[in-house]
Amino acid sequence: DQQVKQNSPSLSVQEGRISILNCDYTNSMFDYFLWYKKYPAEGPTFLISISSIKDKNEDGRFTVFLNKSAKHLSLHIVPSQPGDSAVYFCAVTQGAQKLVFGQGTRLTINP
Amino acid sequence: DAGVIQSPRHEVTEMGQEVTLRCKPISGHDYLFWYRQTMMRGLELLIYFNNNVPIDDSGMPEDRFSAKMPNASFSTLKIQPSEPRDSAVYFCASGLSGTGETQYFGPGTRLLVL
Numbered sequence: 039d040q041q042v043k044q045n046s047p048s049l050s051v052q053e054g055r056i057s058i059l060n061c062d063y064t065n066s067m068f069d070y071f072l073w074y075k076k077y078p079a080e081g082p083t084f085l086i087s088i089s090s091i092k093d094k095n096e097d098g099r100f101t102v103f104l105n106k107s108a109k110h111l112s113l114h115i116v117p118s119q120p121g122d123s124a125v126y127f128c129a130v131t132q133g134a135q136k137l138v139f140g141q142g143t144r145l146t147i148n149p
Numbered sequence: 004d005a006g007v008i009q010s011p012r013h014e015v016t017e018m019g020q021e022v023t024l025r026c027k028p029i030s031g032h033d034y035l036f037w038y039r040q041t042m043m044r045g046l047e048l049l050i051y052f053n054n055n056v057p058i059d060d061s062g063m064p065e066d067r068f069s070a071k072m073p074n075a076s077f078s079t080l081k082i083q084p085s086e087p088r089d090s091a092v093y094f095c096a097s098g099l100s101g102t103g104e105t106q107y108f109g110p111g112t113r114l115l116v117l
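Each protein sequence line maps, in turn, to chains D and B.
Positions in the first sequence are counted from 1; adding 38 to them yields the working numbering.
Positions in the second sequence are counted from 1; adding 3 to them yields the working numbering.
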């Protein structure tokens, strides 16, 4: 019973274009949403987050969008750079520190 | 800041042996988490502590797994006896109250049980 789903295991984007990573969740009570980035042989690194009272949060090239009615979260990276190639995890929580992670999407940026 | 420190980085052991994984959280953080990552189950929370007290251990797979946090700067995850299905990457993460749910992960321990 997956509470958080990232339906695309992989995504390939050309350098300079926009990368869009998607995440769906099942529980409308989740109130905080995060994206983590993971390089091989390293731990996940926090990237950006959004609370349920917002629908958009931007940090440089990274923007997270939240559609509560659709229970859908997305991460936009623009422009995409080779260093963005990594596995991206979305994570959700409900009023506590306990995170539930999606399965991850492997993003490859092609030069 | 050194970040979250985990040791060992790699561990190869034989089935039935005891395995101890170690973690030093970021200084001043009051939350500590243990995660396991496998191909089948992804990244799953095993247990977490707040101010050295275990809060939720519902993710611990079975009694062979135990975790302790004797002080604010050290935690262990022990598997006894280990089994091949325990092979995974184990991550420790720490976090700070009042900073949202952001957690900072260590580099992980890659465990292989033969």
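Calculated directly from the structure, the hints in this document are not laboratory data.
Bear in mind the structure is a predicted one, so any value in this text is a computation, not a measurement.
Be aware that a few hints might be false.
Unchecked claim - Chain B residues, not near chain D, derived (Cβ > 10 Å throughout):
| hint | residue |
| --- | --- |
| 1 | Gln20 |
| 2 | Arg25 |
| 3 | Ile29 |
| 4 | Asn55 |
| 5 | Lys81 |
| 6 | Arg88 |
| 7 | Gln106 |
As the list claims (entries may be wrong) - The following label-pair restraints were derived from C-beta to C-beta distances:
| hint | chain 1 | residue 1 | chain 2 | residue 2 | range |
| --- | --- | --- | --- | --- | --- |
| 8 | D | Asn45 | B | Pro57 | 33 to 43 Å |
| 9 | D | Pro149 | B | Asp66 | 42 to 52 Å |
| 10 | B | Asp33 | D | Gln132 | 17 to 27 Å |
| 11 | D | Glu96 | B | Pro57 | 36 to 46 Å |
| 12 | D | Thr64 | B | Leu117 | 36 to 46 Å |
| 13 | D | Gln52 | B | Asp60 | 39 to 49 Å |
| 14 | B | Glu21 | D | His110 | 22 to 32 Å |
| 15 | D | Ser66 | B | Glu47 | 46 to 56 Å |
| 16 | B | Ser100 | D | Lys106 | 17 to 27 Å |
Virtual Cβ for every residue (Gly too), placed ideally from N, Cα, C.
Status of each hint after checking the structure:
The non-interface label for glutamine 20 of chain B is consistent with chain D: the shortest C-beta to C-beta separation is roughly 24 Å, beyond 10 Å. Consistency note on arginine 25 of chain B: stated as away from chain D, and its beta-carbon is indeed over 10 Å from all of that chain's, at 15 Å minimum. Annotated as non-interface, isoleucine 29 of chain B keeps its C-beta farther than 10 Å from every C-beta of chain D; the closest such distance is 12 Å. Annotated as non-interface, asparagine 55 of chain B keeps its C-beta farther than 10 Å from every C-beta of chain D; the closest such distance is 14 Å.
For lysine 81 of chain B, the condition that its CB be more than 10 Å from all CB atoms of chain D holds, with the nearest at approximately 20 Å. Even its closest Cβ contact with chain D, about 19 Å, leaves arginine 88 of chain B beyond 10 Å, as expected for a residue assigned away from the interface. Distance to chain D contradicts glutamine 106 of chain B as a non-interface residue, since its nearest Cβ pair spans about 7 Å, not more than 10 Å. Between asparagine 45 of chain D and proline 57 of chain B the beta carbon distance is about 34 Å. The supplied range of 33 to 43 Å therefore holds.
Taking the beta carbon of each, proline 149 of chain D and aspartate 66 of chain B are about 51 Å apart, inside 42 to 52 Å as hinted. At about 20 Å, the CB distance of aspartate 33 of chain B to glutamine 132 of chain D agrees with the hint of 17 to 27 Å. Separated by about 37 Å at the C-beta atoms, glutamate 96 of chain D and proline 57 of chain B satisfy the suggested range of 36 to 46 Å. Distance hint check: the CB atoms of threonine 64 of chain D and leucine 117 of chain B are about 38 Å apart, consistent with the given range 36 to 46 Å.
For glutamine 52 of chain D and aspartate 60 of chain B, the Cβ-Cβ distance of about 45 Å falls inside the hinted range of 39 to 49 Å, so the restraint holds. Checked against the hint of 22 to 32 Å, the C-beta distance between glutamate 21 of chain B and histidine 110 of chain D comes to roughly 44 Å, which is inconsistent with it. The hinted range of 46 to 56 Å is not satisfied by serine 66 of chain D and glutamate 47 of chain B, whose Cβ atoms lie roughly 22 Å apart. The beta-carbon spacing between serine 100 of chain B and lysine 106 of chain D, approximately 26 Å, falls within the hinted interval of 17 to 27 Å.
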